[in-house]
Every structure is written in structure tokens, then in C-alpha cells.
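Dock chain B against the given chain A, drawing on the hints supplied.
Those protein sequences? They're chains A and B, same order as listed.
When we follow my numbering, the leftmost residue of the first sequence carries the number 1, and every step to the right adds one.
When we follow my numbering, the leftmost residue of the second sequence carries the number 1, and every step to the right adds one.
Each hint should be verified, as a subset may be incorrect.
Examples of chain A residues lying across from chain B (beta carbon under 8 Å, computed) [claimed, not checked]:
1. 31
2. 32
3. 35
4. 36
5. 38
6. 40
7. 41
8. 42
9. 43
10. 47
For the record, the hints were derived by calculation from the structure and aren't laboratory data.
Glycine included, C-beta positions come from ideal geometry on N, C-alpha and C.
What follows is each chain in one-letter form.
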Amino acid sequence: MVFIFGVNFPESRLVARSLQSFYGIGPQVCTRLMARFHVHKTAKVGALSDRQINDLAAELSTMTLENDLRRQLQQNIKRLRDLGTYRGRRHAMNLPVRGQRTRSQIMTARKLNKIERIG
Amino acid sequence: MLLAQAITQMAPPQCLRCLRNSLQLVEHRSLIQPPTRAAFSTTSLLSAKAAQPRKTAGTSNKSKTLRLSKNIRQTAGKPPARGERKAVRKRIVLSNTNALEVDGLQDLTADKLARHSEGTVALQTFTGQVLGFSDETVDALRALESFKPTQAWSLFRRPASLVRKETAALANDMADTETDTSKVARKMVFGEKGSGKSVLLLQAHAMAFVKDWIVVHFPEGQDLTIAHSAYEPLRTPNGRIYVQPQYTAKLLLSIANANQALLSSLQLSRDHQLPFSVQSNMSLFRFAELGGRDPTIAWPIWQALWAELLTPATKAVQRPPVLVTMDGADQVMRVSAYLDPEAKPVHAHDLALVRDFANLLSGRTQLPNGGMVLAATCASNRAASPTLDYCLSRTYIKQEKASNAWHLLPLRGPSWDPYQLKDARVESAVMNVSALKLQGLSKDEARGVLEYYAKSGVLMNAVTDGFVSEKWSLAGHGVIGELEKGTVRMRF
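The following block holds chain A by itself, in its conformation from the complex (with noise of 0.2 Å):
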């Protein structure tokens, strides 16, 4: 088991897919991060060095991830919320915020828009 932020993978996971399992991360930025500590793509994490593990751990605390970021997301929509504007309603009532129609097609609205939004 490897020890990378807070969680503990097991040695035959991917690198790249423990990365993308925190919040925050995803494809894009797991490649940038892998490519500054020279990880190659199908690098296992039983397979990083000390020296990449620390260096990956001290990139990852100074980035703003998982519930630090969920509620710097739930902030951005209070702000809108408390300004009164159209799209902090639109959030609140479960409904698209961007202009979309709303006669179908609006179940991503319905599932994520809501007044504390989960991620």
C-alpha cells in the first residue's frame, strides 16, 4: 500500500487512476502532474520512488482538491445566490443555468443544481 495523500492505494493500481480518484483531478490535470515527476502513462504506484511519491504529496497539498475545492464550488454559487442574480435562482430551483431549454433534456440540471451542491 501506498500512502499518497491522505489514502492509501494498493501497489498494483495505476498512477493515473489513483490521481483522478480525488476530487479535482481529472484526466487533463493528472496528465500535467505525471509529466512534471516524469511518470509515464501505465506507471504503477507499487512502481514510484520515494522521491516521486513525496514530490507528487507536496505538489497535491498546495492544490486546492476535494472538499476544499467542493466548497469553494458551493461558495461561487451562494455568492450568485445572495447577489440575487438569474443563474443563483436558476441553481436553486434545479434548473439549467446557461440559457438551455428546458422542455427536455435537463436531467444533469435536475441531478447536480441545487442549493448545496455536492461536487
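The following block gives chain B in isolation, referenced to the frame of chain A:
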């Protein structure tokens, strides 16, 4: 009265007495189980009803599909273990006990590669015949990963290959460099799919092994560049390059195993600046093996080993010629899949191993003890490298024009798209490399290989002129892969 009339006329769906009963029931139920949700919503009740399994007497959960043998899925017990399927896919079978032993099949030996008094190598007289490989050669070729799973070695009794005119020409080049070490042939082998590029490299390996040369082979160019192996940056005076420790270790091990007998007889000739101490009289075999076992020290050992191999031979220090080859070399003539710290693609020539090979291929690194550098492109998994294509066809046309075959070629050479940028590094690597185009076999060569198939018992037809001509034509003027497909593989 009116009311009674209205009731009789309307005929309500439920009689009032029953309605009263049902209302009582609802009240009663609600008193026992107070609703947990808002009273006006019936969702929870409905969903609770829906969630209950609908079971009626006499039905079972079993499927109602017709029971036919084809409908029953066969479970083959345990799924294959990790890596098992890949091992099966990559397995190389070199023998078929059901195939017949070919009478009079000669082996490739050193005396066949020696020069006649007339100046040609003896192998020239074997053109169009099939020669086998000795057991030691087969072991070395296996260690080098010269055999490929796609080739049809598994159909025959033992590995053997056809001597074609290009093979004899290579043998001639090898004999040349042995007499004059400054004559080092550097060639890029190309040609259509199935034209025998990889097998020509294999023949070169076998010949070099028989001649006691050192053979270094990169089995697949794409393994170096598709970013499936670890990499580390290394600062050099010429900028940053990238080292691949695991791949280097694997390569060192294959060099050590393939050239074991020869490398065991050679020793380190000088002190190298290494991050660890080694015996001063260590054999090169042990030295290479040391790097092969430990990826962390593989790179310094690779460098030191090359310094040793490139040391000019003296009376005290024996150094044989070196054959360096790479299959799928088109993959290393472009940007790789590795990324630099700024997430920009790394050019393949910035990878240390590829850079070393490119230096040998272009002649920037000389082979002072003679040798040969061969690179083969791959036609079935071809990487887009416009600069390589352009340089190859330009060199080929130039070569052909210098020979007598110029009238068979288009008058104008290839033209470069002026809106496209040329890859200067690739161009400098392949500019002065001669181009060896593999085309179809001649009819005599095709007859030789078909007779071998027939003698091995895998081809049942009588090998007549008509049969050879037919198969030769169907194989696109004797492309050997197609010839094999059309005669031997078709039946299996």
C-alpha cells in the same frame, strides 16, 4: 324523491354503503400506521407496493428460455491468471514434431560466410536455397527476440530460412567490414508488408552470431516510444535527455544472454566512472548482466559497455565487430508519447537509447572495429513519419539512378510539401543511410522456398513450374509473406 331518482339513474360505480366501509378502512389503517410523509403524497405507498416482489403460486424465478445446448453458456472454470493470455499471445513455438525432417537441410555455418578466392562469399551460391540454424544460433536469436510470434516458425521441424539475394549481399557487406573496418554498412530496410524485413534482420543476427560478432538488437522500436516504460531526465552538456532504466536493463540482459560465450571471453579494458565499484578484470558478460539485473545502475553500465565495445582493438584488447539492429525503426523517427515537465511531447531522439542508436545509424558514432547498423521499418504498424518516408524514397531513387535500373523509376524524385516542417533530427539521422528495399522474390527463390515447404510435408502439391508461377503471381510477384499465406497457411 328526486334524489332517489337521480341515484337510480346515475348508477354509481360503487354503492354508498361500500364507500362508507372503505372510508372506514382507510381511517382505521391510517390510525394504526401514521404516514411518515406529507399526507397529500402517495409516492411512498406506491413505491412500497411496487417494491414488493410479485409472487403468484406456481411460478418460479427460473428463466423461460428454451433449453437448447447452444443457449447454455459453458463456464470454463477459472478465468486465466494474470499475464497468461499475453504469454499465450506472445509465445514463440519453433518446432513442429508433425512436420517432416527435410533431408539435406544444411545449417548456416561460418564456412558459408567466408569469402571465395574470386571475391564473393560462399553464401552467394546458396541463393534460392533454405538453410537451417544451429541450436546455439537459435538460442541466441531467441534471447535477442529476433523471432516474432506472427512468423510461421511453428509449422516446420526446426527454424530455417531462405537465402535470398539481399541475404547474400548482407553477408558480402559483413565480409567487407571484416577486411576493412572503415567499411561499415548502415542500411534502412523497407518494403511492403510481408516482404521479409524482420526475417532479413534475423538472418543478419544469425550470420553475425556465426561470425562471432557482438549483436545488439532493439526488438521493437515502439516499445521505446509509447511511454510504457519508466523514464528519468538526465542533464547533459547538450541538453536534457531521458533515460529508460527498465528498458535499458532488459536490453542489457538480452545482449548478455545472446552473446554470452563471446562476452565472457572479453574483459573490461579500462576504468569507468561508475557510481559503484567493479572488478577491474570483470568479463563483459558479467558486467552486462550486472546492469541487466538492476535497473538503477543499467544506464551507467550501458554507457560503459558501449565505451568498451567502441574501443579500438589492439593486440592486448580483443574487440570484435558489432551488429546493431532495430526493428520497427519508423516508430523512433518522430515524437514519442513521453512528456517533458511542461507536458510537451518528447522527441524520440531525446530518449537516450534512441539517440545512441540514431548516432550509430547516421554514422556520427563510428564503429572502429567494423560492424553493421541495420534498421527495418514496420509495414503493418507504420508510424506516420513524413520526413523518414521522404528521405528513404529520395535515397532509394538516387541509389537506383546510380545503378542501371534508373529507367524503371519515375524521372522525378519525391517532392516535399513546402507547407510542412521537416524534422531536422530525423533527416540528419537517415540522410546518409543507404536504403534497402525488399521486394518480391525471384521465381528461382520462390521455387526454393516452395520446395522446402513440400519437403517439410506442409505443402501437398507437386512443385512444378506452373505451380510456382501461379503462386508467385498470386503473391504479388513473389512477396514472401503472401507466398507463405497462399501455400502453407491457407490450409491451417
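Verification of the supplied hints:
Nearest Cβ of chain B to the Cβ of residue 31 of chain A: about 6 Å, under the 8 Å cut. The hint holds. Checking residue 32 of chain A against chain B by beta carbon gives a least distance of about 5 Å; that is within 8 Å, so the hint holds. Among the interface hints, the one on residue 35 of chain A holds; its C-beta lies about 4 Å from the nearest C-beta in chain B, closer than the 8 Å criterion. Annotation: interface hint on residue 36 of chain A holds; nearest CB of chain B at approximately 5 Å, less than 8 Å.
With a cut of 8 Å, the hint placing residue 38 of chain A at the interface with chain B holds, because the nearest CB-to-CB distance is about 6 Å. For residue 40 of chain A, the interface hint holds, the least distance from its beta-carbon to any beta-carbon of chain B being 5 Å, beneath 8 Å. A distance limit of 8 Å between C-beta atoms decides the matter here; for residue 41 of chain A the minimum to chain B is near 5 Å, and the interface restraint holds. Checking residue 42 of chain A against chain B by beta carbon gives a least distance of about 5 Å; that is within 8 Å, so the hint holds.
Interface hint at residue 43 of chain A: satisfied, since its Cβ lies 7 Å from the closest Cβ of chain B, which is below the 8 Å cut-off. Proximity of residue 47 of chain A to chain B holds as hinted, the smallest CB-CB distance being about 7 Å (cut-off 8 Å).
Figure legend: structure checked against the earlier numbered hints; every hint is met.
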